[in-house]
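If you read the protein sequences in the order shown, they are chains A and B.
Counting along the first sequence from 1, when you hit position 6 you're at 727 in the working numbering, and nothing is skipped either side.
Counting along the second sequence from 1, when you hit position 127 you're at 848 in the working numbering, and nothing is skipped either side.
To be clear, the hints were calculated from the coordinates, so they are not data collected in a lab.
Computed from a predicted structure; not experimentally measured.
Hints may be right or wrong, so weigh each one.
One copy or two, it doesn't matter: identical chains are merged, so the pair holds either way.
Derived DSS-like pairs (lysine-lysine); straight-line CA-CA distance at most 25 Å [claimed, not checked]: (1) 816 to 767; (2) 724 to 915; (3) 816 to 841; (4) 906 to 816; (5) 724 to 767; (6) 906 to 793.
There are 2 protein chains.
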Amino acid sequence: MSKILVYGGAGALGRCLVSHFKSKGYAVINVDFFENKEADFNALAKEGQTLVQQGQAIDEAVSAALGGAANKLCAIFCVAGGWAGGNAGSEDFLKSSETMLNQSVNSSFIAARLATNHLKPGGLLTMTGALAALEATPGMIGYGVAKAAVHHLVKNLAEPSSGLPEGVKVNAILPVTIDTPMNRKFMPNADHSKWTPPEDIAKQLEGYLTGASHFSNGKLISVVTDNGTTTFLEV
Amino acid sequence: MSKILVYGGAGALGRCLVSHFKSKGYAVINVDFFENKEADFNALAKEGQTLVQQGQAIDEAVSAALGGAANKLCAIFCVAGGWAGGNAGSEDFLKSSETMLNQSVNSSFIAARLATNHLKPGGLLTMTGALAALEATPGMIGYGVAKAAVHHLVKNLAEPSSGLPEGVKVNAILPVTIDTPMNRKFMPNADHSKWTPPEDIAKQLEGYLTGASHFSNGKLISVVTDNGTTTFLEV
Numbered sequence: 722m723s724k725i726l727v728y729g730g731a732g733a734l735g736r737c738l739v740s741h742f743k744s745k746g747y748a749v750i751n752v753d754f755f756e757n758k759e760a761d762f763n764a765l766a767k768e769g770q771t772l773v774q775q776g777q778a779i780d781e782a783v784s785a786a787l788g789g790a791a792n793k794l795c796a797i798f799c800v801a802g803g804w805a806g807g808n809a810g811s812e813d814f815l816k817s818s819e820t821m822l823n824q825s826v827n828s829s830f831i832a833a834r835l836a837t838n839h840l841k842p843g844g845l846l847t848m849t850g851a852l853a854a855l856e857a858t859p860g861m862i863g864y865g866v867a868k869a870a871v872h873h874l875v876k877n878l879a880e881p882s883s884g885l886p887e888g889v890k891v892n893a894i895l896p897v898t899i900d901t902p903m904n905r906k907f908m909p910n911a912d913h914s915k916w917t918p919p920e921d922i923a924k925q926l927e928g929y930l931t932g933a934s935h936f937s938n939g940k941l942i943s944v945v946t947d948n949g950t951t952t953f954l955e956v
Numbered sequence: 722m723s724k725i726l727v728y729g730g731a732g733a734l735g736r737c738l739v740s741h742f743k744s745k746g747y748a749v750i751n752v753d754f755f756e757n758k759e760a761d762f763n764a765l766a767k768e769g770q771t772l773v774q775q776g777q778a779i780d781e782a783v784s785a786a787l788g789g790a791a792n793k794l795c796a797i798f799c800v801a802g803g804w805a806g807g808n809a810g811s812e813d814f815l816k817s818s819e820t821m822l823n824q825s826v827n828s829s830f831i832a833a834r835l836a837t838n839h840l841k842p843g844g845l846l847t848m849t850g851a852l853a854a855l856e857a858t859p860g861m862i863g864y865g866v867a868k869a870a871v872h873h874l875v876k877n878l879a880e881p882s883s884g885l886p887e888g889v890k891v892n893a894i895l896p897v898t899i900d901t902p903m904n905r906k907f908m909p910n911a912d913h914s915k916w917t918p919p920e921d922i923a924k925q926l927e928g929y930l931t932g933a934s935h936f937s938n939g940k941l942i943s944v945v946t947d948n949g950t951t952t953f954l955e956v
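In isolation and in its complexed conformation, chain A is listed as follows (with noise of 0.2 Å):
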């Protein structure tokens, strides 16, 4: 059976993922703070640890569940992430930035570890951005700065000497509000036909793993919802 790996498999888009893959029939590993019961394997991460030791108990973990070096995942998508607002002269402005950097970065920094050692040649690694940080983002300076640095990463390991197995393909994907529940709690009046449902996240990413949605490696991949049509397109 094909495995795919949710990095962030108990969120809202994570848990739409994994549920989408299993229905595809794929085994699925979750690696989040938050057990998912639907996937096949949990491996989870604790807070409060430095990158390199979450790195390397979630590396074991994933290790684990696959149960030997020959037994290899043909995807793994990185949909871990949070958002905080603010500025630099808001109270908590440290605070929100450490808390993107380590939601976001550390995420999409262990996601490309785990590719290293657990894709398959030729396998798939998508990473999520934000639309909104190709520009400046003053008003949310943490959440901005770390989807940037995310960006930046993706065209790294998009490179031919990036250290990634043969022929791995990376993108992002850069959305602008997915429609989930606490979205829809803390922006009750926004137009959410603009929201992007994860499930359409969910489509297109397996269309990548199948061939059925146009691949290009190392590209950042808008995600645009209007009138409750999501259009995916290269920036």
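Could you slot chain B onto chain A? The hints should help.
What follows is chain B alone, placed relative to chain A:
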């Protein structure tokens, strides 16, 4: 006496800045892990702290050095940083990435916070990026990702709603290789006529402060040395 702060004032470039500004009659605060005896005051950081802990401790030390909320800095020069090579397949990929985030991104976030609290209106904040990080850096992934994050931070901080005091100007200098004893030691056979003398950077930064050097707010400024002559250009 006009006061400036050098973040990273015990490193090779930072020491040069401290000497230069002292020679021009400025009072200088050094923020670093190590003391610089030439500085008027040392606000020392501790290893192994979180971004929030380190930021708070440094902010308190700088407050004490300034001796009252009415006493403000006319400039903050963040030249903290370091270098590590390695791609995603390197044994110490996560370790070097973590170090790069700490040395370049965390210091820049804290410098931004210090600017919010202690820089006078119309004051000057400069960060240190890297010319290489404008493109992919697959052979030094952690370094490139961290510097790309710094570039984004600078763009954010230059926006009117960034939370910095009124009229503060900010940019990033993007050197290639700085002519330091450490770089001479590890790259003895490189073409040193293409390396940038720290003094050239010190003079440029002082020029920003006096008005002798043209300053473009929010810009990334390449620092390129050829045949011993250094040119600073907007990229």
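Numbers of unmet hints, in rising order: 2, 6
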